[in-house]
Amino acid sequence: MKVVSSATLVIVLIIYSLFSLVSTTKTTTTTTKVCDVEGRVYIPGKRRPEQVKILLNGGEYTAYTLRNGEFKFSSIKSGIYFLEVDSKDYAYSPIKIDVCTKGKTIRAKTADETFKTVKHPLKLTPYSPKVYYEKGQPLNPLKIFKSPMGIMIAVSLFSMFIIPKLSGSIDPEELKQVQQESGGGLLGKLLGAVPNPQQSNSGR
Amino acid sequence: MKILFTLALLLIFFQASFCISTEQTKKRVHEGIGEIVRSDLECGSSSGIFVQTESNMVALLKPKNGEIVWKHKFNEKEKLITSTCSHHSSVVLTDRKILVVQPNTGKVLNEFNHNFNTITFSKLRTGKDHFVVVLDDTIQYRELKTGNIKYSTKYSKKEFELASLLLNEESNSVVVVGINKKRKTPEFLYLEEQKQKEKGKPKGTDKEKKVNQEPKLIKFQVDSDNKIKLNTKPTLLRKQSIVLYLDQERTKSVNFLDLNSIISQGKTSKDNNVIITVESLPLKNLKSGNENLQIITSSSSHFVVVQEQYGQGLTKSKAFIYKFKKSNKKNSIILIAEKEYNNNKSKNKKEKGNGKETESTFWFSNQRSDSDFVTCVQQTETKLIITSYSSEKTINEEIDYFKRNDYGKIKNVDLLFFNLNSKKQILPFYLIEFEDLSLHMVNINQKTTKTKNILWGREEALTDIIDLLIIPKKTLNIYQNSNENNKFDLEKIKQSLQIKIDESKKKMTSFYDKIPKSTDEIKKHFNLATNEIKQTIYSIINPSEYSKQPGFKMDVKKLNYVKKNWHLKFEDSNSQKFDFNKLLVIITRNGNVYGFSTSENQIIWKIRLPISEKSGSLDQIFRINDKQIFIIGSSNNADLDGNNKQSKSTFIAMIDIVNKEIIESKWFEQWTAKQAISIGLKDDGDDDGDDNGNKIIRPRKVVLILDNQGDYHLFPKTEYVLKSFDLIYNQVHFVVMNKETNTLLCYHFIKDDLFKTTDNPPKPEIKWTKQFDKKEEVTQININDESQYPDKHLNNNYYNPYMISLLTYNKEEKTITVLIIDTVSGKIIGNVKNYDASLPATIQHYANKLVYHYWGTKVKTTVMSVIELKANAFSSKHYRQNKKNILYQNRPMVTLKKQSYLFPSYVNVMGVSKSKDNVNQKGLVLALSTGDLFLLSDSFLNPERTLNVQNAMKLGLMPYTTYLPHQAKNIINDNEPVLQVKDIKSDHTEIESTSFIVAYGLDLFYDCVTIDQSFDKIDSQFNFSALIITMLVLIIALIAMQRMKGNKNVKTNWN
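Protein chains in written order, with numbering that gives the first Met the number 0: chain A, 0 to 203; chain B, 0 to 1054.
Source of the hints: derived by calculation from the structure; they are not laboratory data. This structure is a prediction, so every number in the text was calculated from the model and none was measured. Errors might be hidden in some of the hints.
Said to hold, decoys possible - Below are the SDA-like pairs computed for lysine to any residue, each with C-alpha atoms no more than 25 Å apart in a straight line:
(1) K106/B to G44/A
(2) K142/A to L1031/B
(3) K145/A to Q730/B
(4) K106/B to F160/A
(5) K106/B to S127/A
Just chain A, same shape as in the assembly (with noise of 0.2 Å):
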């Protein structure tokens, strides 16, 4: 009984260590799956782009970009990936990398909120230059008379300059009977270039 219970025994240690074996190759040969990915920076309008780098999940692998704004990231283990071009003067968007998980494709899209889809060889190209300053607003002219502070000196030219000019030019007849009509009221004051001899005589 003792002889048949350590043989199964060593059968069975011999079936694990050969599982463990299968599973061990299987492993290794599932965590050494390497993938190139490779790409290319673009800069609208200048054929030679500035040197950038370029970041896998915030520095876990770094490439920089070649005179012609290639870079290569050479024998990525296969997952997903995170990837960042860090340009001072353009911004490009991220870029959420599939890189072997399946097959040997490499799938990319933008990591913000386009969604778009990237094909590999990556072509990178900026969504805008980077403005790090607030522009001032420029001299508009129109802007300023619809603003409070035009209509202020819109009043204020009225007041000073067409006024006594518009007094001028009604007909004295035509003024007295406005200034009876108003009865002396806010319209009449500011009409009141040609003083209401009536109402001067009675101030005095």
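Got chain A sorted already, so can you dock chain B onto it with the hints?
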């Protein structure tokens, strides 16, 4: 008159707008490179010093002023192995790839990945387009431009073990030195490049050319009969083509291999393998036993053999400087000089480049200059002695500026040759790195031996910041050029001198007594003073200039300069806007305390603490009051012999930052500080004066340290502090993290007696504990800053000053957990678990909000979350009614609201802004992997944000978006990258809308930021031009009206 008035107004407006733009362009970055590992590399005659540093980076420094031309930082996961540089290109080798860099611009010309295990490469040769890489079984000649293999030669890995690589620049040959594994004898692989075909001969095809140019590999062994064991690094006598190696185990002999004759003969023989035993060399008093023999360095014809004798903690070293003489008939060796010196810590020695680092002595060979000499750089108590040996003469140079107290001991010295002047003369320079990580470039003119000069100094310790304090200038007259001290007052100088005299009476008293009263006389007197006194005076009257130019000699011109610029400097410092003027008190790991002025962008004072004696480091800094700071440090190992590494001792120091002096510094051997906190004392309202009416500076805060024996210590240890603590001890809750057991412990203080009548001091006792799973790593503990509570309780916001937040990381489960704990009860208020998460993660706790970020392993981007603490509606009402008589038990119930967002960048660290009255919107500063500091307004992080646009508009909030905005205008450091940020700190300014931000890591960055342009700052949309035009129109109208007042019609009309 009116026109002038108008112009003046216009000028004021333009100046206002101009001031804002200059504020933005102010230099706010103090760039650092870190501790230098290799600096013996030169890039051309004057283009720069190529350095490799401990912080995994390569950089180029300007030889004229030490400024950084460019730097390449590698990720921590990518290890930088070695780098080399020549006139036209530099090659950087990491464990993943080889980079070919343009030395002047830092532009990467080419990079290629590799998967080599053992690797070394040769120095680059002038005019050559390739470099030699030696792998564990191949020798490769690689092209610089493409990185492609030009030639490749294999060697047997089983037989040959690589030891080193020697490059003979004279003959363009490479010697690979190794050991034959079977025979255990030295073996050499000699690669000589074939010379180009002579001119006039017909040119062959490209293929033929390559074949012709391929280097010839010759393998040779040292005479097998003579069983020599190679156990030291061989060195090369360059011009002589002679390899020196040493065998000390068997025969104690210095061996020479004549390469030229070996190559011509094709094998080694007795003629070309010159073996000279030690006994035959004029080495004196050589004893067997505790001794070591090494070849330190060699120049074209000189070499140095150092004999070390170990004693009890002391090593005696003797150097023998030889000259090798080669003639057709016989090779001979002549002893030129010998030098004896002591090394205190021989165990710490290590080899670096071609010089050997010991405690204070460095040896160099002259590789570049035509004149052939060997140099020894030695540090004494107060001097730096540089001795050059050549066969004709010995030159001794002394630099008395380098004091041990200021810089510590020398860490490394490198000899460089540069052509800095327009003259064609190439001069030797010494790049000296001290224990405090300061880097100095010293120039010694060989022809005029009296001229010695320190060209520049860099404070690299700022790359090793442990902690810092932000002190506003208004609180303290820290600067010498403050209101009172501003005047160039001789009396003030005298008073300051008096303080210095107390320190060094013997040296200074005679000089002080003779100080005359008038300025003319003092000028004469300065000329008579010794250098040390001049420097002391200079350091008192102008410390900032002094630190900029160490070794600055006082003369009449400079004295006048200081006097002239005295007022100017003061005016300049007072014209700062937005309270930019701060003093950063910085502590670094290696025991330095710096005062860094943000307005001057430089270190204005420095204090070195005595921690190196126990190889200790500084840990924490606290502010006691406006003038005093408290520092805690610890020793790495208590016993230098390594017998008891576990027991640590604690270091404390009190520093007066006004007078820049150490009040107290002490080592405590009996206990180790577990945790230290700063607690505020109650103001008793008493006058701070002694019997004589002098004002006493009382601490506003005290430092409470809990030690490993369960006891506590209060600093500063005064009666006043002990009495004050007796009043507040029952409010103190002390949270300590025990990393060994992964437990969080909370201590509180109790008294033995019930009625608290006795004078017994309170004792610390554990109130509650929280045991974490071993897999859970507590990465951050954040204590809520009570001073940052807004003075309002709107919308049922929950504020609790006794609250802490913890961030834990579980590597196996890939989870990040946020815990909110009430320290009084030990109750967990909130527990939020985030799946598919990994580090880097930071938590920031302010007011009633908790903001944290982590790296989402599934979403592959940074996830930012906000938790808002709201008081339960019913209990909150009760709480508000009983606000005056609130008991802890009456605290309202808490409800948590959480919302998460994605941030499309890799965030390393996060900080939060502080404002004066806490009314303004908070800002979060995110340190990105690209070196940018991104400012994100707190308004984006609000759990009330909804997807429904109308509802959001009603609530006055932004509608919910998954992604947080990422715009360049929110990058506060513009295009100046701040690398490897460790922490971000903030302080309020005098303006509510503005916060002061400091980020430190490899670089130091500081700036004032405006999160929400409201309250006291004009909106960015404000139109200055419209204001100017309005003013102009009104002025014109005013003038017109004044002219019109003479008009009769108008007069009558208005009347």
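Now the hints, each set against the structure:
1. K106/B to G44/A: The given pair, whose Cα atoms are some 21 Å apart, holds under the 25 Å limit.
2. K142/A to L1031/B: The given pair, whose Cα atoms are some 17 Å apart, holds under the 25 Å limit.
3. K145/A to Q730/B: It is violated: about 60 Å lies between the C-alpha atoms, which goes past 25 Å.
4. K106/B to F160/A: violated (67 Å)
5. K106/B to S127/A: Roughly 24 Å separates the two Cα atoms, so the pair holds.
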